[in-house]
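Put chain B on the given structure of chain A with help from the hints.
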Amino acid sequence: DAKTTQPNSMESNEEEPVHLPCNHSTISGTDYIHWYRQLPSQGPEYVIHGLTSNVNNRMASLAIAEDRKSSTLILHRATLRDAAVYYCILLHMYSGGGADGLTFGKGTHLIIQP
Amino acid sequence: DSGVTQTPKHLITATGQRVTLRCSPRSGDLSVYWYQQSLDQGLQFLIQYYNGEERAKGNILERFSAQQFPDLHSELNLSSLELGDSALYFCASSVAGTPEETQYFGPGTRLLVL
Chain A
71 DAKTTQPNSM
81 ESNEEEPVHL
91 PCNHSTISGT
101 DYIHWYRQLP
111 SQGPEYVIHG
121 LTSNVNNRMA
131 SLAIAEDRKS
141 STLILHRATL
151 RDAAVYYCIL
161 LHMYSGGGAD
171 GLTFGKGTHL
181 IIQP
Chain B
151 DSGVTQTPKH
161 LITATGQRVT
171 LRCSPRSGDL
181 SVYWYQQSLD
191 QGLQFLIQYY
201 NGEERAKGNI
211 LERFSAQQFP
221 DLHSELNLSS
231 LELGDSALYF
241 CASSVAGTPE
251 ETQYFGPGTR
261 LLVL
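Just so you know, the protein sequences line up as chains A and B, in that order.
The working numbering numbers the first residue of the first sequence as 71 and each following residue consecutively.
The working numbering numbers the first residue of the second sequence as 151 and each following residue consecutively.
Any given hint might turn out to be false.
What the hints assert, rightly or not - Partial list, derived from the structure: chain A residues whose beta carbon lies under 10 angstroms from chain B:
hint, residue
1, His104
2, Gln108
3, Glu115
4, Tyr116
5, Tyr157
6, His162
7, Lys176
8, Ile181
9, Pro184
The hints are simulated quantities; they were obtained by calculation from the structure and are not laboratory data.
All residues carry an ideal CB built from backbone N, CA and C; glycine is no exception.
Isolated chain B (complex conformation):
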């Protein structure tokens, strides 16, 4: 158990819909990362937050957005969903978001878009 929690575990929805994925970092961690893992693209970094502020952006689509709240939990919002958005979405956290730190990954949310 990494200490990072993600809800829900599974999500099934239809094309065109919007969903919100939630992540609670490990106690004491200020930085949160979101990753997407699909069969064809592998594991891709989407976005990073540190203490409520966006710090780095990866391959995140414009239809996707995220935020980190004052209590440090984070939400990833996916809108206008397409079949290709079906994937595992992982959240990770680290203390300060620096490159020498370990990132601790949650168990993931499996999204299926029908």
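Chain A with its partners taken away, still in its complex shape:
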């Protein structure tokens, strides 16, 4: 399975943008890039995903490098509620169209300072 590398932790101030990097140099052409986050004492929560193009949704933006070997999750205006562990995950599509479950690494622990 293709692996991802993320910083162990990052710190940001409230109401400022946050850029969370992820390296995935062994990504294959059919791997989707997913981001999930886990708030304390909760189950993981979907944030965003993409394949090749940059993506935006109400929670965040995902910037994918042209060679797809890295990506960046962008929280445009962090709040205290965004403090969580953020996981960058590659999901491989099999020839039949299915996929394995999510392979969570250690993720990035995002700390938001008021």
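Frame of chain A, contents of chain B only:
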């Protein structure tokens, strides 16, 4: 609220015992995933079902088994329990189990083996 329900919320049992964890997916979702989160191993994918059939297997022990019923709810059976099986067990669901889909996680079942 993700729409995925898990019961029970907490479970305390003894070594050697057997327990059953239950998951109801979101309405309309055909695929169910099981994950284990322990302090030393992090979040690990165990097994996936799609419309009653096993689709993918992760790091699931032989002492563990699962099934998905015709009404699409799923059960994870853990037998011959060991202290190391103490963990949070999450269920997630998605519409068709494909890699471009969002997985919606339940609140988890916290298992404590004494």
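Each hint, compared with the structure:
| no. | hint | verdict |
| --- | --- | --- |
| 1 | His104 | holds (8 angstroms) |
| 2 | Gln108 | holds (8 angstroms) |
| 3 | Glu115 | holds (7 angstroms) |
| 4 | Tyr116 | holds (4 angstroms) |
| 5 | Tyr157 | holds (8 angstroms) |
| 6 | His162 | holds (7 angstroms) |
| 7 | Lys176 | holds (6 angstroms) |
| 8 | Ile181 | violated (19 angstroms) |
| 9 | Pro184 | violated (27 angstroms) |
In the structure shown, a violation is registered for the earlier hints numbered 8, 9, in ascending order.
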